[in-house]
Amino acid sequence: MNSITVEGLGKRFKDVEAVKDVSFAVAEGEIFGFLGPNGAGKTTTINMLCTLLRPTSGTATVNGYDVVRQRKEVRRSLGLIFQETTLDDYLTAEQNLLFHAYAYSVPKSVREPRMKELLTMLELWDRRKESVATYSGGMRRRLEIARGLLHHPKVLFLDEPTLGLDPQTRRHIWRYILDLRERENLTFFMTTHYMDEAEHCDRIAVIDQGRIVALDTPDNLKDALGGDVLSLRSENNEAAMLEIRERYDLQPQLEDGQVVFNVPRGEQFLPEFVRRFGQRLLSVGIRRPTLEDVFLKLTGHAIRDEEASPAEIMRRRWGGRR
Amino acid sequence: MQDVYRGIWVISYRELLRFSRQRSRVLGSFGMPLLLLVVFGAGFNRTIGNLTPGVDFLQFVYPGIITMTVLMSSLFAGLSIVWDREFGFLREVLVAPLSRSGVILGKAVGGGGVALAQGIVLLLLAPVVGIALGPMVILQVIPLLVLVSLTLSGLGILVATMMRSQQGFQVVMQLMIFPLMFLSGIFFPVNNVPAWLQIVSKVNPLTYGVDAIRQVMLGASAAASPLVDGAPLGVTVFGHTMSVLEDAVVLGVLAVALMTAAVWSFNRQE
Ligand SMILES: Nc1ncnc2c1ncn2[C@@H]1O[C@H](COP(=O)(O)OP(=O)(O)OP(=O)(O)O)[C@@H](O)[C@H]1O
Ligand SMILES: [Mg+2]
Numbered sequence: 013m014n015s016i017t018v019e020g021l022g023k024r025f026k027d028v029e030a031v032k033d034v035s036f037a038v039a040e041g042e043i044f045g046f047l048g049p050n051g052a053g054k055t056t057t058i059n060m061l062c063t064l065l066r067p068t069s070g071t072a073t074v075n076g077y078d079v080v081r082q083r084k085e086v087r088r089s090l091g092l093i094f095q096e097t098t099l100d101d102y103l104t105a106e107q108n109l110l111f112h113a114y115a116y117s118v119p120k121s122v123r124e125p126r127m128k129e130l131l132t133m134l135e136l137w138d139r140r141k142e143s144v145a146t147y148s149g150g151m152r153r154r155l156e157i158a159r160g161l162l163h164h165p166k167v168l169f170l171d172e173p174t175l176g177l178d179p180q181t182r183r184h185i186w187r188y189i190l191d192l193r194e195r196e197n198l199t200f201f202m203t204t205h206y207m208d209e210a211e212h213c214d215r216i217a218v219i220d221q222g223r224i225v226a227l228d229t230p231d232n233l234k235d236a237l238g239g240d241v242l243s244l245r246s247e248n249n250e251a252a253m254l255e256i257r258e259r260y261d262l263q264p265q266l267e268d269g270q271v272v273f274n275v276p277r278g279e280q281f282l283p284e285f286v287r288r289f290g291q292r293l294l295s296v297g298i299r300r301p302t303l304e305d306v307f308l309k310l311t312g313h314a315i316r317d318e319e320a321s322p323a324e325i326m327r328r329r330w331g332g333r334r
Numbered sequence: 035m036q037d038v039y040r041g042i043w044v045i046s047y048r049e050l051l052r053f054s055r056q057r058s059r060v061l062g063s064f065g066m067p068l069l070l071l072v073v074f075g076a077g078f079n080r081t082i083g084n085l086t087p088g089v090d091f092l093q094f095v096y097p098g099i100i101t102m103t104v105l106m107s108s109l110f111a112g113l114s115i116v117w118d119r120e121f122g123f124l125r126e127v128l129v130a131p132l133s134r135s136g137v138i139l140g141k142a143v144g145g146g147g148v149a150l151a152q153g154i155v156l157l158l159l160a161p162v163v164g165i166a167l168g169p170m171v172i173l174q175v176i177p178l179l180v181l182v183s184l185t186l187s188g189l190g191i192l193v194a195t196m197m198r199s200q201q202g203f204q205v206v207m208q209l210m211i212f213p214l215m216f217l218s219g220i221f222f223p224v225n226n227v228p229a230w231l232q233i234v235s236k237v238n239p240l241t242y243g244v245d246a247i248r249q250v251m252l253g254a255s256a257a258a259s260p261l262v263d264g265a266p267l268g269v270t271v272f273g274h275t276m277s278v279l280e281d282a283v284v285l286g287v288l289a290v291a292l293m294t295a296a297v298w299s300f301n302r303q304e
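Sequence order for the protein chains is D and V. The opening position of the first sequence corresponds to residue 13 in the working numbering, with each subsequent residue numbered one higher. The opening position of the second sequence corresponds to residue 35 in the working numbering, with each subsequent residue numbered one higher.
Simulated from the structure, these hints should not be mistaken for lab results. Where is the CB? At the ideal position from N, CA and C, for every residue including glycine. A portion of the hints provided could be inaccurate.
To be verified - What the simulated footprint calls covered on chain D by chain V, stretch by stretch (three residues with Cβ under 8 Å from a Cβ of chain V suffice, anywhere in the stretch; the number is not a length):
1) 62-68
2) 86-92
3) 101-110
4) 304-310
Claimed, not checked - Every beta carbon over 12 Å from chain D, so not counted as near; a handful from chain V, in silico:
5) Ile45
6) Leu61
7) Met66
8) Val127
9) Leu132
10) Ala151
11) Leu159
12) Val180
13) Met210
14) Asn226
15) Val271
Just chain V, with the same shape it has in the complex (with noise of 0.2 Å):
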């Protein structure tokens, strides 16, 4: 047990003192979403109007830019496992005395800490957007950016234990990161789409974090408010709307599955 608990610390601490020492990198991660909140905010927010009273477009969208973030930084623990083992530093890590398991979860922890930072930078710039959030809701939304962190850290380090090469690794991503960016309920509200989307949508784990942490921050009540057409702007499965628990359960299981998955997966290929 022991030897896990030094893998997570010694290989999470490596994560984040890399990351803190590619200053692209930190400018990067930081960039993308300020710039995506700038064109939402100015450019689409007076066109689209609101989607149900008192919510405006970009109060709609901003939870799901501080997901996408998320997204993003946790695929990386995927990323990095790849590079290491193309750069030969996984074998230095191999041949450690440390636990399989502790590597693969040390991964996801500073993959997750470098989210969560990037996630609480974007809160708290959100006066600058022009979206107020309480203390209490920020308190609320960091342990859902957690489980949604595990969630993918598990989902990229998955598909990493199985890539042998960064080409091969990248190419796997661009396929998936569309999809689960695009069909989350970031951009539009799930249950306003064609039937088929709404399948799509509601099996994609990005979904239930998107929705969670929109709740939170939009309150209860404005998810079940009813949009133009009668359907609530929460995410509805088998005729019921999810509530932040219920989406938090969902959010556990998977991340709990990914991790088991991504264990079993690197412990079994070296």
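This is chain D alone, in the form it adopts within the complex (with noise of 0.2 Å):
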């Protein structure tokens, strides 16, 4: 069964249309991935699954339920983890998660072990009677994900989980996520603009400017690439790329000054080409295919064109507020 479906879905806002007639479908127990750079409609999409958007066009289901008709139903059954921090800052981590848990009527045989389990999973038993307004951003983080996660959701949303989080309290975030889906068989849909974090996806759409662009898993979109990225300089680039275009029939692309193009089995095929090679090579390299160029190839450019700034991270994660 599936768990969400997603039909032609629009939205329309005044003047923006965010997300354009968008259909996928994600199994039960399926890591789904979102990736696309700023507003793209990740979070739109995300709003619309969850009730708290009205499409303007197209159906969606999350567990069965339609999400314009059976919102109580479907809110009950999916966790929900938001782009930017949603916690309570007045009140100490229990009482955050005792809110949510009267909130979606967890019984309290139910909730008190579940708490405990959570709060143990993620390294936050210790510190659950502190106010959260002393804790750091990845503290925050892990206890949302254990809120979002305390009614015993079906599946669970979330909306860029890593943002502005450092690199070991990413890998950290993304071993609770992997070890969550072994032991709950839980559905996961997450938007992200990190390519490494895509690649744990079992499947990934990629989204610009509203629309799916691409849709598989992250080493079909790689190899659909047409192989390995093979990059060099020479003397002469316009006539090292006229000799590639002519001799092998293959498409490269100035990128920085570098000839880039894709060729399958690119160890096999690099010592040869070398050989025969007309114009004076400055540097050759090799390497597998990234999502990173697998979204340059599908949209024409970058995810990111520069890294966001501390600042605009900051907005992001934080909405409106400082």
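The two chains are supplied separately, each in an independent frame; assemble them into the complex guided by the hints.
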């Protein structure tokens, strides 16, 4: 059975079409990723699936419930970790969880062991009596994950769960996610614009300007590029490109003063290529393609034209605050 | 319906929990009215003298100070929604399986609970400032405080649902609080002012709250007894002097109307 089905989903704000005719299905137990740059429509899609926004076109179901007509049932059956922080700073971690348990009518007999289990797993048990205001960014994230799981949802939505966290904390969060999948057969729907994280997903949808431009497993997406990425610099790049185009019928591109092209089984191709090459080579390199390459190829632009500045990350993670 | 009840109690529980954890808010909310009482008692009381036989200024103003405290805390219910939206917590509430109406009513009940607690503390402090109140009076005042609180929470929440930012909300509140407070008969009898001011005061819902509580405390005869120039101390509308019950009906109707508008506006926006 599918946990999520989406058919022709669209959302138009007054003058922006944030999501356009999006369709996909997520199987039970799958980790499904939405990969796209800022403003691609990731959060808007999540908001529609979680009943916080009404779609302007199309239909969607979560756990078999329609997101427009069965909002209560949808809400009960999912957990959501928002892009921006949504904890109550004036309360302790435990009180935040308690509020959630009451709101989802989790009975005490379930609540007590579940809180202990989750807080222990996410390494917050010892600090549960402390005010959330004293928590670090990583601790807050972990607490939000615990909260999202407290009522035993079948699907967990995570909107950029690791935004603004340091690499070590990010790795930890991923360990919990993979661990949880094993333990609870949860379905994950997550958004990210970190390429390395998208690699952990079973399947990813690449989304750009509100449209899904590709949807497959990370490996298939990379294979579809046509093999390994070969990059070289020569004394005359123009002539080098011409030679590659004519002799091998490949489509090289110029990127940052390097000639870049894809070939299947690059390690076998390279020695022969170097021996026969007519231009003087300054450097040559070969690597497996990354999702970054996939994205570049599909959309014609890099996912992040520049690294997000810390201030930008703060704005996105903390919303209008500060 | 279950979702409505759960919404009310979960949300109001959080409001009270938050309030109890903010020590400065607890102290501040009791400090201000106490300060006012001391100032009026010790400062103005001798200068102003009796307004009508047997009613000195402190006795006159005391019911108003209690109502004013309730006003502040009730409007806070609206501020709390704006805060939740700004700090993100509102989204956690909105995605939970709670009814939207329950959320709004919960905010009002939470704000009302805080307001009532403050009102009761002030009532218990009455003997300290030299005002004698019997238990019967206190029992009658409490439901009136609840009504005042619901009316003003409704107003605060209605404004909050239309405001996107905390700054915007606070500006609008500042613009509303002062007229509500000063033109409500807290500090002067509304029958004893120029005609235009009478009209403004008599459309102010707080006026009826102040009047009802004052009548309960001073007794209905005091409300009807004439001021120096002959008009009664109470509130006269179209030549009719309002009774406690009539005041309560005005408040009740307003409370229902404002709450309904607030729920409707919230449902429409979120
Ligand atoms: N409430 C709204 N009103 C108008 N436009 C909106 C609204 N919410 C989002 N948008 C617009 O819709 C587009 C998609 O936004 P969305 O937040 O879904 O992007 P995102 O992929 O989550 O980006 P990010 O990585 O920055 O979180 C953007 O152009 C945004 O400006
Ligand atoms: Mg987003």
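Now for the hints, and whether the structure bears them out:
1. Taking a C-beta to C-beta cut-off of 8 Å, the stretch 62-68 of chain D contributes 3 residues in contact with chain V, enough for the three needed, and the coverage statement holds.
2. Check on the stretch 86-92 of chain D: 3 of its residues sit with their Cβ under 8 Å from a Cβ of chain V, so the three-residue criterion for coverage holds.
3. Under the rule that three or more residues need a Cβ within less than 8 Å of chain V, the assignment of the stretch 101-110 of chain D holds, with 4 such residues.
4. Coverage of the stretch 304-310 of chain D by chain V is violated. Counting CB-CB distances below 8 Å, 0 residues qualify, and the rule asks for three or more.
5. Its beta-carbon lying about 9 Å from the closest one in chain D, isoleucine 45(V) breaks the requirement of being farther than 12 Å from that chain.
6. Every Cβ of chain D is farther than 12 Å from the Cβ of leucine 61(V); the closest lies at roughly 16 Å, confirming the non-interface assignment.
7. With a minimum CB-CB distance of about 21 Å to chain D, methionine 66(V) clears the 12 Å threshold, and the non-interface call stands.
8. Chain D draws valine 127(V) into its interface by the beta-carbon criterion, the shortest separation being 7 Å against a cut-off of 12 Å.
9. The claim that leucine 132(V) is not at the interface with chain D is violated, since a C-beta of that chain comes within 12 Å of its own (minimum 6 Å).
10. The beta carbon of alanine 151(V) sits about 18 Å from the closest Cβ of chain D, which is more than 12 Å, so the claim that it is off the interface holds.
11. Distance check for leucine 159(V) against chain D: the nearest CB is about 27 Å away, which clears 12 Å, and the non-interface claim stands.
12. No Cβ of chain D approaches the Cβ of valine 180(V) within 12 Å, the least distance being about 24 Å, so the stated non-interface status holds.
13. Taking the minimum C-beta to C-beta distance to chain D, about 24 Å, the non-interface status of methionine 210(V) holds against the 12 Å cut.
14. With a closest Cβ-Cβ approach of about 45 Å to chain D, asparagine 226(V) is found to remain outside the 12 Å limit, as its non-interface label requires.
15. Listed as a non-interface residue, valine 271(V) keeps its Cβ farther than 12 Å from every Cβ of chain D; the least gap is roughly 43 Å.
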